[in-house]
Each structure stands twice: as structure tokens, then as C-alpha cells.
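Working from the sequences, and respecting the hints, build out all of it.
Take the sequence shown: its position 721, counting from 1, is numbered 721 in our numbering, and each next residue is one higher.
Treat the hints with caution; some may be incorrect.
[Stated by the list, open to error] Now the in silico label distances, taken between C-beta atoms and shown as ranges: (1) Leu52 x Ser721: 26 to 36 Å; (2) Trp353 x Cys28: 20 to 30 Å; (3) Leu324 x Lys106: 32 to 42 Å; (4) Glu568 x Pro636: 18 to 28 Å; (5) Leu396 x Asn496: 16 to 26 Å; (6) Gly641 x Ile428: 48 to 58 Å; (7) Lys85 x Val503: 33 to 43 Å; (8) Pro683 x Gly499: 40 to 50 Å; (9) Glu491 x Leu396: 33 to 43 Å; (10) Gly495 x Lys617: 25 to 35 Å.
Think of the hints as simulated: they come from the structure by calculation, not from any bench. Remember, predicted model here, so these are calculated numbers, not experimental data. We treat Cβ as the ideally placed atom computed from N, Cα and C, and that holds for glycine.
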Amino acid sequence: MNRNLIILNVFLLLWLPGMTFVEGQNDCFRGRVLDGQTGQGVSDAHVWENILSEGAVTDSSGYFRICSPDDFEQAVLTISHASYKTHRVVVKEFSEENLVFKLEKKDLLKSEVQVLGRRKPVINKVLPGQSRISGTDIARMPTLLGESDVVRTLQQMTGVQSVSEGIGGVYVRGGGPGQNGIFLDGMELMNPVHLMGLFSVFNPITTNEVDIFKGHNPAFLRGGLSSSILVSSFDPLQEKGFVSGSIGNIATNLAISQRSKNGKIGVTAGFRRSYLELYRGIAGLMVDDEKNYFERSFYRFYDFNGRIAFHPTINTTFYLSWYLGKDDFMIDDEEVGYDAGTNYGNRAFALEWRHRTGANSVLAAKASYSGTWSDFDGEVIDNDLFFQSSYDKYSLGVVITSEQFVHLLRAGMDVSWYQTMPQNMEMILMSETTRIKDEFRNADVSAFIEDTWDVTSQISLSAGFRGFYYFNLGPYQYEDAGYPVEASSGEIIDGNFYGAPSVSLLVRSPGRGEYRLAWSRNVQMLHLAALSTMPLPNDIWMMSSPQLSPQTGHLWSLEYSRHFPDFELSSGVFARLLKNQLVFNVNTEDEEMNFEDHFYHGKGRSYGLELSARKNKGRLQGSVNYTLSRSERSFPDIFEGEWFPDKFDRTHDLSLLASFKLNDTWTFNANWIYATGNNTTLPAGRMWLMGTVMNDYDGYNNFRLPAYHRLDISAGLRLSSEFFRESVLDFSIINVYNRANPYFVFYRVYQGESNYDIDIRAAQVSLFPVMPSVSWKFKF
1 MNRNLIILNV
11 FLLLWLPGMT
21 FVEGQNDCFR
31 GRVLDGQTGQ
41 GVSDAHVWEN
51 ILSEGAVTDS
61 SGYFRICSPD
71 DFEQAVLTIS
81 HASYKTHRVV
91 VKEFSEENLV
101 FKLEKKDLLK
111 SEVQVLGRRK
121 PVINKVLPGQ
131 SRISGTDIAR
141 MPTLLGESDV
151 VRTLQQMTGV
161 QSVSEGIGGV
171 YVRGGGPGQN
181 GIFLDGMELM
191 NPVHLMGLFS
201 VFNPITTNEV
211 DIFKGHNPAF
221 LRGGLSSSIL
231 VSSFDPLQEK
241 GFVSGSIGNI
251 ATNLAISQRS
261 KNGKIGVTAG
271 FRRSYLELYR
281 GIAGLMVDDE
291 KNYFERSFYR
301 FYDFNGRIAF
311 HPTINTTFYL
321 SWYLGKDDFM
331 IDDEEVGYDA
341 GTNYGNRAFA
351 LEWRHRTGAN
361 SVLAAKASYS
371 GTWSDFDGEV
381 IDNDLFFQSS
391 YDKYSLGVVI
401 TSEQFVHLLR
411 AGMDVSWYQT
421 MPQNMEMILM
431 SETTRIKDEF
441 RNADVSAFIE
451 DTWDVTSQIS
461 LSAGFRGFYY
471 FNLGPYQYED
481 AGYPVEASSG
491 EIIDGNFYGA
501 PSVSLLVRSP
511 GRGEYRLAWS
521 RNVQMLHLAA
531 LSTMPLPNDI
541 WMMSSPQLSP
551 QTGHLWSLEY
561 SRHFPDFELS
571 SGVFARLLKN
581 QLVFNVNTED
591 EEMNFEDHFY
601 HGKGRSYGLE
611 LSARKNKGRL
621 QGSVNYTLSR
631 SERSFPDIFE
641 GEWFPDKFDR
651 THDLSLLASF
661 KLNDTWTFNA
671 NWIYATGNNT
681 TLPAGRMWLM
691 GTVMNDYDGY
701 NNFRLPAYHR
711 LDISAGLRLS
721 SEFFRESVLD
731 FSIINVYNRA
741 NPYFVFYRVY
751 QGESNYDIDI
761 RAAQVSLFPV
771 MPSVSWKFKF
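See the structure below:
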């Protein structure tokens, strides 16, 4: 049955590019919109036929098509785009060839940037919980340590948890950091942050735009259980070339985007390097020794990303993309007995071929590699631990996209192979040494089909389905009730089929309001099991195995949004049910236990309300975003299956963002966030037992840390220059009022002169005090 399904998917994929879509007797004419200066196709241009009152939007290469029930005698077209002058033309001669229209660039006013909604093939306009963020939106964020940031911009949105102390992930609608599909130019990146959450791995200079789907993922995306985040770099063949960078006291950034004279080859690349380790000495001049967290900490990161584009013919383009990044982090705090260091990072490469098979269809094929690793080595309260983990993925896929009169159709398939080493550990507890190493190999074949249908001008419907055939590969060994189960190298084990359907509805009201309703069932083969006793980015990536089922979840959403000339308002509710959630048990005493037996299996649920208001015009712009939510988990082996709050459950999450343009020289930005504190497990009481203090626990995640709040401000001074296209001095202060937000809390026992003379104190580790920075941004 599974084999027949795979054959059917292959047949559909090969058949779809050549199929003919019946549209009655409609007569259509086709055209292409070009940049009058560069000759490149203009995407997202609006083409309106005034006689028929019909319109179209150009695709990524500038092509469009308009159809009529009758033959065309003449057409009166209005072609508009935010970056080009409006072009009006009367067409009287039609042919089978594409009509070509050239647009002239506008002289855009620098005093105001207007972000307009656009339709691109990657966006499914029907899905609730989706947003597009432009590079301009990111630049308006208050700079942190001299840079605006992609992830920090995402964290201002409703349903996305705001930044926290040392939190190295993105938390969307009650999900965990391992339940997001995060992609840079189509390359999957597993750890999306630098410096324990202060920087993202995405270079803001090379970032063109970001698309986020909060749980309702389009079928063509192999996204995560909670969200899909797509970050796109500037296309060097479509954008004007530049050399840009920033130099600050924390980090340096340099980026370039250029194309050849004939317009067939282009390169975009960016490199960043921090030198925050120098701050250890400087911080002592501004804060007390007791609050000088940098004196006890060491931070450093770098990343290098880019893409090369080759356009040999009018219908064919090749892209080679890459990302390399690494973090080094260390804490040396003798007072609390913590001396540990870690390094972690991402590496990814992708080669993509895109070919236009018709005026409104594109065939794309991609081969890619993604990998992540983390190492931890240190002493935590007199216990030595060395820990390594890694994850590697190789994939090959093909997608066909076809835009019809009222349909946007996609279909495709891909094959992926995984190799994970969830743990390579050496642990010394009470002078007893334990060494463990585990590796797993897995693969899957996946196919999808989806359609977005504009039923009427007020109603749109979207439906999609993705199927997975997932299997494990030998060598594999597992001991069950004393009986070993073994498989040799390359042998297929425990193959299963999984389905992920989705459906969504969009209804437009006459007063510019839009209602969206959706249901999705998501499937994720990958697990990120939290090491709850170790608050560092060393959690375990683990693929599903014969003993660990894939994660599944159902998500329901209802959303209402309305656009005014100067404001945008939106509200929504969501509910989610999760199965096959994991927590890693690091306290087992059974040395012979199988690796999969170290996990607690459970379920989860979350629900919430999201409210957002945004002012996007004028000298003063800003937004207010508030989320009221609940996220809970239940594990049969943890306190008899009682529901308990998830570690990152937050009842309230509020962010206030303001940007004020004083004049052509000065711009000021401020961002204040407040969130209910994270949860942790601490003892509810203690007792003496045979001369030793024993802890008594009452519930899991039974203690909530103090609320998190922080104010960041920045100011930009634009300098006049005849050499630079842009020259700006950026001044920023993070954590203005020096809030000591907790990184983690634990109890430490201090021994007195006698065995029963002890003092037990709560110890808090915080990372980031008030931190000013200055940077210079330039572009030419």
C-alpha cells in the first residue's frame, strides 16, 4: 500500500506540469512587467484591466495573465507598484507572445516608508497567523548592541514569546523551541540565535524579508509543529548592488551584494564577528562587582552567509546558498559553584534550480544539507560533565507551482536522510565515571499537493495534504524485556505512513475587515528533548525511532483583522492539542538502559488570545502586542499524569514598540517588554536523612520565576556624506534600568562547623546588566 502511494505521488508530479486546466472558454492574454533600467522582471506589480474590472499580480519573474469570457478587442491596463511610477496603456494588438511593459522607478521619499501587503507565490493569503516582515520593519526595531535583529522583530508579534534571559529559541503559541521550522534561503537552521538569545543567526543587512506561519503551515513547507519561519536574503539579480556594514564596540558586520554587467551572475554575502569578550573589563567601570555578570561570563560568535545566483537563460536560474555560524559561551562563578563552557552552531548548504515551464508555472528542484552541533564541558556544583550532540540532514526535492485564473496550485515531493548523535557523554558524579554514546539513522519520502481557490472576490478557500513515509535504518539495537532486537547496516526498520491535512477559509467584509478560520494537523519527525537541569543550548535533537513516535498536533484558529489608512488592528484565538511530547530523564541509575528509555512520554495543550495594534504612518510609529495564553503538559510518569505548566508557559506577554523620526537627522526607538516569569522545579521542603539533606518536591514546574521586564532604547544619527549612500551613528542601551532578570535559580547548601549547622540559600544567575553600545553603519 505504501509503495503504491509513492508511485501515485510520482505519477502526479510528472503529470502535473503538462496538465491543462479547464477554464471554460476564457480568452487570456499574457504579459511581463520589467524594470525599465535593469530589464529584470518586477514581482508583485498590480495589473488592472479597466474594461473588465479584472486584475492580476505579477509573479517572481514579472509574468501575469488576465482572462475574459469573450475575445479581447482592446485592453486598458493600469500597472502599479510601490517602487515604480504608475503606467497606463491601451493594448489593441494581441498575440500568443507575452506583451512586455517597462516601468520607471520612483524617487522615493526617505522621510517615510510605507509597507504594503503583497501577494507572492510563497504566501498563502488565506491562512491565519501569518505575517510578512520587510527589511524596513526590521531596521525600525531598536538596535541591540548596535544591530537590529530578525528574531527580536518576530518576538514583538502576538503569539511569539518575547525575549528572555539566555533563552536560545523561538516559542510560538505554546510550543517549544524544537517545534519550529526555521529556514534561511531554503536552508533549515536548527539553533536560530547567538549570544544566548541576544542576536539571531540572520544577518540584518542581507535580510530582505521574513515570512512566519504560526502553526498553519502551507503544505509545500515541511515546517515545524508550532511554526514555519522563512528568511529570504536579497536576490543579487533583482536588487541594486551595495557594500554595507556596521562597526561597533560589540560586533562588526560587513555585507556585499553585486551582479555582473550582463546581469547573469550575482553574489550576496555577509560576515559578522562579535568581540563581546572585551566587555568583561569595561563592565567593571560601570557596575558593581556583585552585578558585573560579564566578569564571570565569556561570549563570542561569528557567522558567514550568502547566495550566488546564475541566470543563464530567460527561464532558468540557479542559486547556491550557504550558512556557517558558531557560538562560544562560558560562565565561571566560584560563589555558586558553576564553571562551564559550551560551543554550538549551524552549517547549511543548498543548490537550487528554477525553470519557468510556462507563463504562470515554475518547476524547482533543490539539493540541501543542514547540520547543527553542541558541546558542553564544565563543572556544575562539584560534578564534571562532558557532553556532545549533533544532527545532520541531507535532502533532495522537486516542486511545481502553477498560478491559474482563480487557483494557485502546488505539488511536489522530497527525500531526506538523517543522522543524529543525541549524546556522546562523559559524566563524573561522586568520583564515578559514566561514558555513553548513541547514534541513529533515519529517512523519509514525502509528497504534497495544495490549492488556494478564490471562490469569489470576498471568499477564498485553501486546502492541502502532505504525506510521509518514514522509516528507520540500521545498524540499530534495542533490548526489550531482556531480549535484544538488532538490525544490520542499511536495513529498513519500522516504516510507517503519516498524513498532515489542513483547510482554511478567508471571508472579507465590506468594511476592510477580514475573517480567517483554519484547522491543521501537523506531524514532526524530529524531537528536541529539554535537559531541564541544564539551562544552556545543549538540548537533545532526536529523530523518531521504533520506540519514539513522531510528534503530532491539532491546531484551531480564528482571526479577525482590519486595516485603516494609518492603523492596523487584529485579534485572534487559538487552541492546540499535542501528542508524543518528550522530556529527557537525566537522573536514571540504570547504565544498561536503552537510550530511548531515558524519555518521559506525554501530551500537551495550549490556548490563548492575541491582540495587536500598529500605527505604520507618520513621524511616530509603533505597535502594541499582547498575548494571554496557557501552555500545559502531562506525563504519566511525572506526578501521576497531573497537568502542569510548561517551562516556558507565560500567562501574560506584552511588548510596546515606538519609533519617532525627529527630523532628517535623528531617529529614536524604544522597546519595553513584560512577561510572566518562566517555570522551574524547586523543592517545597527538606528533611534530614542519614546525615544528608533530602529535598521534597510538590509538583513539577511548581515555582514561577520573577516576572521578566526590560527596556531597550536606541538613537540613530544620520551623517551627511558625499561618499556613502548611507552613514548612520547608532547609540543603544540594553536593559536601561539594569534589571537583574533570572537566568536560572537553585538552592545551595552551606555547611557550618557541625553536621547539623547548615544554611540553605537561593542562588540566582543573571546574564546581562545594563549595556550601552555605539556603532557606525555605512552603505555605498
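Quiz item: When the hints from earlier in the document are held up against this structure, which numbers fail?
Solution: Hints 1, 4, 6, 9 and 10 not satisfied by this model.
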